[in-house]
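Colleague: So the chains spell out like this:
2 protein chains.
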Amino acid sequence: MAIEKTIYVGPFIHCESLTELDIAVNGMIGVGEDGKIAFVLRDVEGRQIPAQAGWEQAKVVRTPEYGFFFPGFIDTHIHASQYPNAGVFGKSTLLDWLNTYTFPLESSFSDLEKAARIYNRVVARTLSHGTTMACYYATVHVPATNLLADVCQSKGQRAFVGRVCMDRMSPDYYRDESVESAVTATRQCIDHIRKIDPEFDLVTPIITPRFAPSCTDETLKALGDLHHETGVPCQTHVSENKAECQLVKDLFPHSLSYTHVYDEAGLLTPKTILAHAVHLTKDERALIKQRQAKISHCPASNTALTSGTAKVRTMLDEGLTVGLGTDVSGGYTSSLLAEAREAIFVSRHVAMTDGDDAKLSVEEALYLATRGGAKVVGLEDRIGGFEVGKDWDAQMVSLSNVGDAMHLDQEAGLVEVFGGESWDDKVAKWVYTGDDRNTQAVWVKGKLVHQRAGFKP
Amino acid sequence: MAIEKTIYVGPFIHCESLTELDIAVNGMIGVGEDGKIAFVLRDVEGRQIPAQAGWEQAKVVRTPEYGFFFPGFIDTHIHASQYPNAGVFGKSTLLDWLNTYTFPLESSFSDLEKAARIYNRVVARTLSHGTTMACYYATVHVPATNLLADVCQSKGQRAFVGRVCMDRMSPDYYRDESVESAVTATRQCIDHIRKIDPEFDLVTPIITPRFAPSCTDETLKALGDLHHETGVPCQTHVSENKAECQLVKDLFPHSLSYTHVYDEAGLLTPKTILAHAVHLTKDERALIKQRQAKISHCPASNTALTSGTAKVRTMLDEGLTVGLGTDVSGGYTSSLLAEAREAIFVSRHVAMTDGDDAKLSVEEALYLATRGGAKVVGLEDRIGGFEVGKDWDAQMVSLSNVGDAMHLDQEAGLVEVFGGESWDDKVAKWVYTGDDRNTQAVWVKGKLVHQRAGFKP
Numbered sequence: 001m002a003i004e005k006t007i008y009v010g011p012f013i014h015c016e017s018l019t020e021l022d023i024a025v026n027g028m029i030g031v032g033e034d035g036k037i038a039f040v041l042r043d044v045e046g047r048q049i050p051a052q053a054g055w056e057q058a059k060v061v062r063t064p065e066y067g068f069f070f071p072g073f074i075d076t077h078i079h080a081s082q083y084p085n086a087g088v089f090g091k092s093t094l095l096d097w098l099n100t101y102t103f104p105l106e107s108s109f110s111d112l113e114k115a116a117r118i119y120n121r122v123v124a125r126t127l128s129h130g131t132t133m134a135c136y137y138a139t140v141h142v143p144a145t146n147l148l149a150d151v152c153q154s155k156g157q158r159a160f161v162g163r164v165c166m167d168r169m170s171p172d173y174y175r176d177e178s179v180e181s182a183v184t185a186t187r188q189c190i191d192h193i194r195k196i197d198p199e200f201d202l203v204t205p206i207i208t209p210r211f212a213p214s215c216t217d218e219t220l221k222a223l224g225d226l227h228h229e230t231g232v233p234c235q236t237h238v239s240e241n242k243a244e245c246q247l248v249k250d251l252f253p254h255s256l257s258y259t260h261v262y263d264e265a266g267l268l269t270p271k272t273i274l275a276h277a278v279h280l281t282k283d284e285r286a287l288i289k290q291r292q293a294k295i296s297h298c299p300a301s302n303t304a305l306t307s308g309t310a311k312v313r314t315m316l317d318e319g320l321t322v323g324l325g326t327d328v329s330g331g332y333t334s335s336l337l338a339e340a341r342e343a344i345f346v347s348r349h350v351a352m353t354d355g356d357d358a359k360l361s362v363e364e365a366l367y368l369a370t371r372g373g374a375k376v377v378g379l380e381d382r383i384g385g386f387e388v389g390k391d392w393d394a395q396m397v398s399l400s401n402v403g404d405a406m407h408l409d410q411e412a413g414l415v416e417v418f419g420g421e422s423w424d425d426k427v428a429k430w431v432y433t434g435d436d437r438n439t440q441a442v443w444v445k446g447k448l449v450h451q452r453a454g455f456k457p
Numbered sequence: 001m002a003i004e005k006t007i008y009v010g011p012f013i014h015c016e017s018l019t020e021l022d023i024a025v026n027g028m029i030g031v032g033e034d035g036k037i038a039f040v041l042r043d044v045e046g047r048q049i050p051a052q053a054g055w056e057q058a059k060v061v062r063t064p065e066y067g068f069f070f071p072g073f074i075d076t077h078i079h080a081s082q083y084p085n086a087g088v089f090g091k092s093t094l095l096d097w098l099n100t101y102t103f104p105l106e107s108s109f110s111d112l113e114k115a116a117r118i119y120n121r122v123v124a125r126t127l128s129h130g131t132t133m134a135c136y137y138a139t140v141h142v143p144a145t146n147l148l149a150d151v152c153q154s155k156g157q158r159a160f161v162g163r164v165c166m167d168r169m170s171p172d173y174y175r176d177e178s179v180e181s182a183v184t185a186t187r188q189c190i191d192h193i194r195k196i197d198p199e200f201d202l203v204t205p206i207i208t209p210r211f212a213p214s215c216t217d218e219t220l221k222a223l224g225d226l227h228h229e230t231g232v233p234c235q236t237h238v239s240e241n242k243a244e245c246q247l248v249k250d251l252f253p254h255s256l257s258y259t260h261v262y263d264e265a266g267l268l269t270p271k272t273i274l275a276h277a278v279h280l281t282k283d284e285r286a287l288i289k290q291r292q293a294k295i296s297h298c299p300a301s302n303t304a305l306t307s308g309t310a311k312v313r314t315m316l317d318e319g320l321t322v323g324l325g326t327d328v329s330g331g332y333t334s335s336l337l338a339e340a341r342e343a344i345f346v347s348r349h350v351a352m353t354d355g356d357d358a359k360l361s362v363e364e365a366l367y368l369a370t371r372g373g374a375k376v377v378g379l380e381d382r383i384g385g386f387e388v389g390k391d392w393d394a395q396m397v398s399l400s401n402v403g404d405a406m407h408l409d410q411e412a413g414l415v416e417v418f419g420g421e422s423w424d425d426k427v428a429k430w431v432y433t434g435d436d437r438n439t440q441a442v443w444v445k446g447k448l449v450h451q452r453a454g455f456k457p
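Quick mapping for you: the protein sequence lines, in order, are chains L and X. Be aware that the first sequence starts at 1, since it is given in the working numbering, and climbs by one per residue. Be aware that the second sequence starts at 1, since it is given in the working numbering, and climbs by one per residue.
Worth flagging that the hints you see were computed from the coordinates, not collected in a lab. Beta carbons: idealized from backbone N, C-alpha and C, even for Gly. There's no promise every hint is true.
Said to hold, decoys possible - To give an idea of the interface, some chain L residues facing chain X are shown, with a C-beta separation under 8 Å as derived from the structure:
(1) Lys91
(2) Ser92
(3) Asp96
(4) Ser128
(5) Thr303
(6) Ala304
(7) Met352
(8) Gly355
(9) Lys359
(10) Glu363
(11) Asn401
(12) Val402
(13) Leu408
(14) Trp423
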């Protein structure tokens, strides 16, 4: 598992703050055998490697022209099991979407061979998009969920892996039989991951009540107890769709709000990730802030299923912690770059009614995809940016130089640099017209976990 | 220029109506030496070519597994000259966007070498996205506009090519000097195209007043006269942004509406393409319908520049003719497939306030991108679908078969077929997760105008 000491030479870009990028055009980052950043140099002239004691023999990885290093993306909400349905949802909305498309697919993960095929695929694919960490929902099946954890570990992707709990309003063919079985199954998944990754260094189990309507009070409370007993994080959905919000009101008549349902069960803590948060009231946002729970913003899914537009600017202004989630397959894309674009676009729809202040910039969307996500998963000290001591969770991005080339090189992707663009323009072009073809290589904890055909490390 | 008689064997899909796809799984289409469809067979067993008198020696092009033929896309509104700015617009809205990003770039097309580089690029790129026809805005420069026409002809893309007219509210460094010079320059471009393509068979000139605010009454009227004198089509923008609408009110106090400005100038006819149409009143829509003018819907641009959401369902219900436009570079993408996705997503934002009926389906978005576009450009008898006598303007799409492959083939694109998907599902996957990697080959009038590396015709 030892990493070769490596110096990454070339421009690096990461988020300085919510609104500002730090663009170091003549950068150099040394990564040690522990996979951590040992030094960061910003103004290295002529890209010549200055003498660093102990680094004379280090391997060197250089960016190509118009290339740069960028922190790996953090997908704070993705249903790994729903990946084969990406793009298939018709005109459905949340509750009928679950019954028509989602439950039938998820239930088929009793077939381990099928699960292996899909999970290998989704981990490889998200890595190719530069996703170095993902918060996965699996299914109710223990063996398949454990297999997903194994796949993440073997492919080297940082992950939270959650076995889904649901003992109410779920189809007969796909549900937990009892409170006890939901808890027992969750414990089995925690135990498995503890076996393969005792320190939860790369893969961490996450307690995953599907969402309030599909869990009885008792199950929510039992999972809350488990959350406090084990200290492992927790993820669920909140306030995605109006019909769902009404359903929660009906099912939990004694709770003040959807958010209170989780709070009362002990499931609203600094280690809780709440996906969607589209229709939260001011009081709910205040409670979430007080409990220091985190928000996963899923714009593509919220639009696709006509759930609504989450008010990201409001949440940020009120001090909530927000990251991005692809929410495959409510969301059609497994790319967090595409999701950043969707976040920007949805913010413009919010701006059409709430005013210009709602608009998210390219820089802000990239912040949500990296630093924001790191805070959502509670790993802001380890990932999300390039500082000494942080893990090297990074991607090397390369943009095509049009130059005088008349020949279209489709393998180089769709971003075209004509020359004369500022670095800000180049980053904007990447966000709007980039795709996996621009991500040449991806590292997690210093280890190369993905490379494009033709990339020479 | 002779085309080899060819039989295209494999599934073909085109739009039967606004809401329905015609999916012929065992299809076969014969295309003659004139580039026109000579026969269409739907149920050819075992993909064996039945005896067709006179077709024994024809070349055969077969789809790969999960491949299909689809009509070429028709981009009814794209600024070829703005292509280098795709993705670069910050938080601007229309009027400041023009001054900050657009006019400086467009004015640089006095440099023919630069124009050649960009125009070659944009035509090659849009062809690679399956765009067999585009309605281009060029710039005010006659030589560069003529060069764009030459590029379209040499690369074989069907196009309307428009020299932009603007003699008011335009920067000193980039404008028409007078009414006469605007008309003379437009005539020069019409004459050039008449020289290279006398029947306007592939490339057609189009009269292009930028938009009402940048043209004096006199120029609009003179261009209206030219439109009637020459019979060539006309394109402009209408009602894109609220500040722009107010500006038109101020500049044309005697006109009943933005749409009336064009009507009074003789520029609202069956051969007029109006881009955006975001804030039209009911009376304006009625006038457009009466005059049989056409609408180019540009959802990506309307969202990017926070212009608003065009009410496509309303326009369709009222009997207007609607196609899609990428509106590069207000729109970030030059792909009409991506634009179809944006149309679907914007329709969901409309649905959030106006109700579910506003939602566009995958089928409807594809209709707008093909048959709808064909009607917008007045070529519905020649392109947009696969019927005998129509031109073979088509693309061959190929989706990846995941099969048991653990290896990720990024060159095959992002669409993944796991097996068991219906054809409708496969088409939805293409629309939501497809890109130029799925378009293996593109033909216009029977001629191969683009092929992916590795495609064997």
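Colleague: Next step is simple, just say for each hint if it's right about the structure.
Modeller: Cross-check of the supplied hints:
1. Lys91: holds, 5 Å
2. Ser92: violated, 10 Å
3. Asp96: Violated: closest Cβ of chain X sits about 12 Å from Asp96/L, beyond 8 Å.
4. Ser128: This interface hint holds because 6 Å falls under the 8 Å limit.
5. Thr303: holds, 5 Å
6. Ala304: Ala304/L check passes; min Cβ-Cβ to chain X is 7 Å, inside 8 Å.
7. Met352: holds, 6 Å
8. Gly355: violated, 10 Å
9. Lys359: Hint on Lys359/L: holds, closest Cβ of chain X at ~5 Å, below 8 Å.
10. Glu363: violated, 10 Å
11. Asn401: Since the shortest Cβ distance to chain X is 12 Å, the answer is violated.
12. Val402: Hint holds; Val402/L Cβ to chain X Cβ min 6 Å, cut 8 Å.
13. Leu408: holds, 5 Å
14. Trp423: violated, 12 Å
Hints 2, 3, 8, 10, 11, 14, counting from the list given before, are not met by this structure.
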